[in-house]
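Put together the whole structure using the sequences plus the hints.
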Amino acid sequence: MTSPRTLPAPAPHPAAPGPVSVLLGDADARRTAVVLSPVMPHWDSGAFIEQVAGAFLGTGHRVLVHDTVSLLREGDDLARLTERWADVLRRGGPVDVLVGNALGGAVVQGLLDRPWTHGSDVVVLSGPTVADHELNTKLESIARAVDEQGLAEAVRLKDELVLGTARPAGPPAPYDGTAPDTARAAFRLAAGMRLLHDVDLADRVRAFPGRLLHVYGAESRLVRRAHLAAAAHHRCVEVPDAGMRPHSDRPELTRALLTRFLEEEGT
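Taken in order, the sequence shown gives residues 26 to 292; the numbers are from my numbering.
Derived from the structure by calculation, the hints contain no laboratory data.
Just so you know, not all the hints are guaranteed correct.
[As the list claims (entries may be wrong)] Restraint ranges, calculated between C-beta atoms of paired labels, are given here:
{"#": "1", "residue 1": "ALA104", "residue 2": "ARG209", "range": "21 to 27 Å"}
{"#": "2", "residue 1": "PRO140", "residue 2": "ARG105", "range": "16 to 22 Å"}
{"#": "3", "residue 1": "GLU178", "residue 2": "ASP228", "range": "34 to 40 Å"}
{"#": "4", "residue 1": "GLU185", "residue 2": "PRO119", "range": "14 to 20 Å"}
{"#": "5", "residue 1": "GLY144", "residue 2": "GLU178", "range": "16 to 22 Å"}
{"#": "6", "residue 1": "CYS261", "residue 2": "HIS158", "range": "17 to 23 Å"}
[Unchecked claim] Here are the simulated SDA-like pairs of lysine to any residue, each with C-alpha atoms no more than 25 Å apart in a straight line:
{"#": "7", "residue 1": "LYS163", "residue 2": "ASP184"}
{"#": "8", "residue 1": "LYS163", "residue 2": "ALA210"}
{"#": "9", "residue 1": "LYS163", "residue 2": "THR84"}
{"#": "10", "residue 1": "LYS163", "residue 2": "ALA215"}
{"#": "11", "residue 1": "LYS163", "residue 2": "THR207"}
{"#": "12", "residue 1": "LYS163", "residue 2": "ALA216"}
{"#": "13", "residue 1": "LYS163", "residue 2": "CYS261"}
{"#": "14", "residue 1": "LYS163", "residue 2": "HIS258"}
{"#": "15", "residue 1": "LYS163", "residue 2": "LEU182"}
{"#": "16", "residue 1": "LYS163", "residue 2": "ARG181"}
{"#": "17", "residue 1": "LYS163", "residue 2": "ARG236"}
{"#": "18", "residue 1": "LYS163", "residue 2": "ALA104"}
{"#": "19", "residue 1": "LYS163", "residue 2": "GLU185"}
{"#": "20", "residue 1": "LYS163", "residue 2": "ALA251"}
{"#": "21", "residue 1": "LYS163", "residue 2": "ARG246"}
{"#": "22", "residue 1": "LYS163", "residue 2": "GLY85"}
{"#": "23", "residue 1": "LYS163", "residue 2": "GLY117"}
{"#": "24", "residue 1": "LYS163", "residue 2": "ALA227"}
{"#": "25", "residue 1": "LYS163", "residue 2": "GLU263"}
{"#": "26", "residue 1": "LYS163", "residue 2": "ARG250"}
{"#": "27", "residue 1": "LYS163", "residue 2": "LEU186"}
{"#": "28", "residue 1": "LYS163", "residue 2": "TRP141"}
{"#": "29", "residue 1": "LYS163", "residue 2": "ARG105"}
{"#": "30", "residue 1": "LYS163", "residue 2": "ARG209"}
{"#": "31", "residue 1": "LYS163", "residue 2": "GLU173"}
{"#": "32", "residue 1": "LYS163", "residue 2": "HIS222"}
{"#": "33", "residue 1": "LYS163", "residue 2": "PHE212"}
{"#": "34", "residue 1": "LYS163", "residue 2": "MET65"}
{"#": "35", "residue 1": "LYS163", "residue 2": "GLU99"}
{"#": "36", "residue 1": "LYS163", "residue 2": "ARG115"}
{"#": "37", "residue 1": "LYS163", "residue 2": "TRP68"}
{"#": "38", "residue 1": "LYS163", "residue 2": "GLY83"}
{"#": "39", "residue 1": "LYS163", "residue 2": "ARG249"}
{"#": "40", "residue 1": "LYS163", "residue 2": "ARG280"}
Remember, it's a predicted structure, so these values are computed and weren't measured experimentally.
The C-beta atom is built at its ideal place from N, Cα and C for all residues, glycine as well.
The following block contains the structure:
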């Protein structure tokens with residue numbers, strides 16, 4: 026796996042922070058895959074996607090991974106965050122494959138009414154198109170845990186829900202409340218969860234004329250098939266024995282799914 030490289034931030038949108046990004050692969054590759062991350066309290070420099078990044082690198086893409094929450098400001102809703110990412114991505118040049126995971130997947134789906142996305146292939150990894158009462162309640166439970174019980178407990182609850190029933194949660198997250206950026210991490214997690222409350226992007230997803238692949242885990246306790254919308258020419262693939270992160274729970278299977286999708290009809 027190519028080591029990630031931190032990129033200089035593009036000129037920021039007026040009154041908005043600049044995006045935090047890393048590049049995987051050859052900067053001069055002729056194709057570009059853009060990946061928008063899930064909510065995470067601390068940016069992991071693109072590690073969340075590295076186990077399946079070979080699907081993109083192997084089909085001739087450079088992979089530009091963005092920290093979705095890096096553009097989030099106090100008071101934003103999903104529409105405002107999506108518009109901010111639209112400005113950044115549109116100025117960045119052609120995108121051959123547009124990928125989003127969880128919150129990043131919702132932002133990607135929110136972009137699909139823009140004509141400049143219609144030439145892109147789209148991959149959504151456990152990204153909700155619509156939120157029902159059950160999903161709203163679980164997301165709010167994580168956000169409320171940040172407010173009432175602290176970051177460490179909120180991360181523990183998030184991991185419990187994200188991992189699903191296929192495998193037990195790992196050791197407690199190493200957040201003890203003493204890190205200097207704990208307040209920012211808490212904001213990222215709580216605000217990021219609440220952005221998805223009552224999300225409904227079904228109309229723009231079903232109207233998207235291009236190729237789109239939803240990938241989700243059969244054992245997820247958060248985003249399930251009921252939370253996805255697709256047109257007849259789109260695909261939804263359930264990954265067995267995987268939770269909210271099929272790309273890390275079943276990386277070989279997920280990588281094969283992505284490679285097959287990218288190789289179909291060429292990208």
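Results for each hint:
1. ALA104 x ARG209: 21 to 27 Å: With Cβ atoms ~23 Å apart, the hint holds.
2. PRO140 x ARG105: 16 to 22 Å: holds (21 Å)
3. GLU178 x ASP228: 34 to 40 Å: holds (37 Å)
4. GLU185 x PRO119: 14 to 20 Å: Between GLU185 and PRO119, where Cβ atoms are some 40 Å apart, the hint is violated.
5. GLY144 x GLU178: 16 to 22 Å: violated (44 Å)
6. CYS261 x HIS158: 17 to 23 Å: holds (22 Å)
7. LYS163 x ASP184: holds (12 Å)
8. LYS163 x ALA210: holds (19 Å)
9. LYS163 x THR84: Between LYS163 and THR84 the Cα gap is close to 37 Å, so the pair fails against 25 Å, i.e. violated.
10. LYS163 x ALA215: holds (12 Å)
11. LYS163 x THR207: holds (22 Å)
12. LYS163 x ALA216: Given pair LYS163, ALA216 holds - Cα atoms ~14 Å apart, limit 25 Å.
13. LYS163 x CYS261: holds (23 Å)
14. LYS163 x HIS258: violated (31 Å)
15. LYS163 x LEU182: holds (10 Å)
16. LYS163 x ARG181: Between LYS163 and ARG181 the Cα gap is close to 13 Å, so the pair holds against 25 Å.
17. LYS163 x ARG236: Answer violated: LYS163 to ARG236 is near 30 Å, above 25 Å.
18. LYS163 x ALA104: holds (21 Å)
19. LYS163 x GLU185: holds (11 Å)
20. LYS163 x ALA251: holds (15 Å)
21. LYS163 x ARG246: OK: LYS163 and ARG246 at ~9 Å, within 25 Å.
22. LYS163 x GLY85: violated (38 Å)
23. LYS163 x GLY117: violated (35 Å)
24. LYS163 x ALA227: This hinted pair holds, its Cα atoms lying about 21 Å apart.
25. LYS163 x GLU263: Satisfied, since the Cα-Cα distance of roughly 21 Å is no more than 25 Å.
26. LYS163 x ARG250: Distance ~16 Å between LYS163 and ARG250 Cα, so the pair holds.
27. LYS163 x LEU186: At roughly 8 Å apart (the allowed maximum being 25 Å), LEU186 and LYS163 satisfy the hint.
28. LYS163 x TRP141: Not OK: LYS163 and TRP141 at ~34 Å, beyond 25 Å, violated.
29. LYS163 x ARG105: holds (23 Å)
30. LYS163 x ARG209: Given that 25 Å is the threshold and the Cα spacing comes to 22 Å, the pair holds.
31. LYS163 x GLU173: Distance of about 15 Å is within 25 Å: holds.
32. LYS163 x HIS222: With a Cα-Cα distance of about 10 Å, the restraint between LYS163 and HIS222 holds, given a limit of 25 Å.
33. LYS163 x PHE212: Since the Cα atoms of LYS163 and PHE212 sit roughly 17 Å apart, the hinted pair holds (cutoff 25 Å).
34. LYS163 x MET65: Since the Cα atoms of LYS163 and MET65 sit roughly 16 Å apart, the hinted pair holds (cutoff 25 Å).
35. LYS163 x GLU99: holds (22 Å)
36. LYS163 x ARG115: violated (33 Å)
37. LYS163 x TRP68: holds (22 Å)
38. LYS163 x GLY83: violated (37 Å)
39. LYS163 x ARG249: Cα-Cα ~13 Å, so holds.
40. LYS163 x ARG280: violated (28 Å)
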